[in-house]
Amino acid sequence: MRLRQTTDGRSHAGLSGVGADDHHATPRSVEVNNTSQVIAAGATYDLDIALGTSVAVFCHAALTGGRSQTGGLWREGVDVYATRNAAEAIGHGTRDGGIYKSYVMTYSKQNGDARLSPIVFQSAISPVIGIALKDAVLTGSNLRLSFVNTSPTFSCTLWVKGRAIIG
Amino acid sequence: MRIQSTYPMLTDHGGLAILPEQHHPPVETVTIQINGTSISAGANTQTFALTYSGHKVARAILRGPFTVDVVGNAGAYVVGTDAANQSAGFSMMPSEIAFYPTTYMGGYSRMHGDTYVSEIVFGQSIVLKDVRINGTNLELTFQNLSGINQLLYCHGLVIVK
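Chains as they are written, first to last, in the numbering used here: chain A, -15 to 151; chain B, 2 to 162.
Worth flagging that the hints you see were computed from the coordinates, not collected in a lab.
Mixed in with the good hints, there may be bad ones.
[Stated by the list, open to error] Residues from chain B that keep clear of chain A, each with C-beta distances beyond 10 Å, as calculated: (1) N45; (2) T48; (3) F49; (4) A84; (5) A89; (6) G114; (7) S126; (8) N150.
[Claimed, not checked] Label-pair restraints from in silico Cβ distances: (9) A/A24 to B/M112: 47 to 55 Å; (10) A/P136 to B/Q47: 38 to 46 Å; (11) B/Y53 to A/A70: 20 to 28 Å; (12) B/N86 to A/S38: 35 to 43 Å.
Even for Gly, the Cβ is constructed at its ideal location relative to N, Cα and C.
If we strip away everything but chain A, and leave its shape as in the complex, we get (with noise of 0.2 Å):
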């Protein structure tokens, strides 16, 4: 009779038809990339991104949008903490004020702010239409990024790069 070995708690390895990430989401990183997704005036775009895990319980994005809605060439964005819980999600934003002029703003879903980031996230440079990140959470597998048009008469092209980090 072959006795099976102490099995030691750090590794996963041998363990069968169990893998890490049914444990505890291993790090990686998930590209964020959309150009093209036209949002309706006011209308709100749900941007998946599929993280390969489900057992996440937060997830650390770092978002650039186009370039400065002031027409600078340098990129504003945002960095936002998902959870599984909406109300919990928090933003940390840059956005071009103009000439000697730069904000960095702090959104807390749970304090009730609308938004979780500066209007930054628009292919058009123009001060006059622009979309925002409304919402973050962790769903299923996916890290679902709320854009919102923020213009109640214009259509609007989205704009947002980045990396989303788990683990």
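Since the structure of chain A is provided, determine the placement of chain B on it from the hints.
Using the frame of chain A, we list chain B on its own:
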């Protein structure tokens, strides 16, 4: 002779000779909601209970009460460890609270001699002094720089692992 059985699920730590936190402390998220708590002059530590011990790092985005040019609120991005006075952060504040649309942004490191890790963004004269994991507690230490009681506001999310 007793034969050890196969573990049915790796998610089950039962039967292992070690505790889950010795294997790896599960990631925890801690929501921060301090809405106008009066704090006295000097250092004030706010404590939040964690489920597990053994966490090594914390990172947080924290929001204060002051509006920046009516497009968002000032706050801080901070990281901390399981030791005191090792935290670091980025923070920004309006130059004249809720009036003049200009911000200052600073980077801070307690390890390298800075006294605080944030600008004055968590209330009148209130800065964040340190972020620390202490056993099964997460500790956020604020500093009231004035000589009188002030109201502390802080909303955010902390990830510990």
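So, going through the hints one by one against the coordinates:
Against the 10 Å criterion, B/N45 stays outside the reach of chain A, whose nearest CB is about 20 Å from its own CB. Chain A leaves B/T48 outside its interface by the beta-carbon criterion, the shortest separation being 19 Å against a cut-off of 10 Å. The claim that B/F49 lies off the interface holds: its Cβ sits roughly 14 Å from the closest Cβ of chain A, which is beyond the 10 Å cut-off. Look at B/A84: its CB is around 23 Å from the nearest CB on chain A, clear of 10 Å, so calling it non-interface holds up.
Chain A leaves B/A89 outside its interface by the beta-carbon criterion, the shortest separation being 15 Å against a cut-off of 10 Å. Non-interface status of B/G114 relative to chain A is upheld: no Cβ of that chain comes within 10 Å, the nearest being about 24 Å off. Under the 10 Å C-beta cut-off, the non-interface status given to B/S126 relative to chain A holds; the minimum distance is some 19 Å. Remark: the non-interface label on B/N150 is consistent with the geometry, its nearest Cβ contact in chain A lying 23 Å away (cut-off 10 Å).
For A/A24 and B/M112, the Cβ-Cβ distance of about 50 Å falls inside the hinted range of 47 to 55 Å, so the restraint holds. As the Cβ distance of A/P136 to B/Q47 is approximately 41 Å, the hint placing it in 38 to 46 Å holds. For the pair B/Y53 and A/A70, the beta carbons lie near 25 Å from each other, so the given range of 20 to 28 Å is met. At roughly 38 Å, the beta carbons of B/N86 and A/S38 sit within the given window of 35 to 43 Å.
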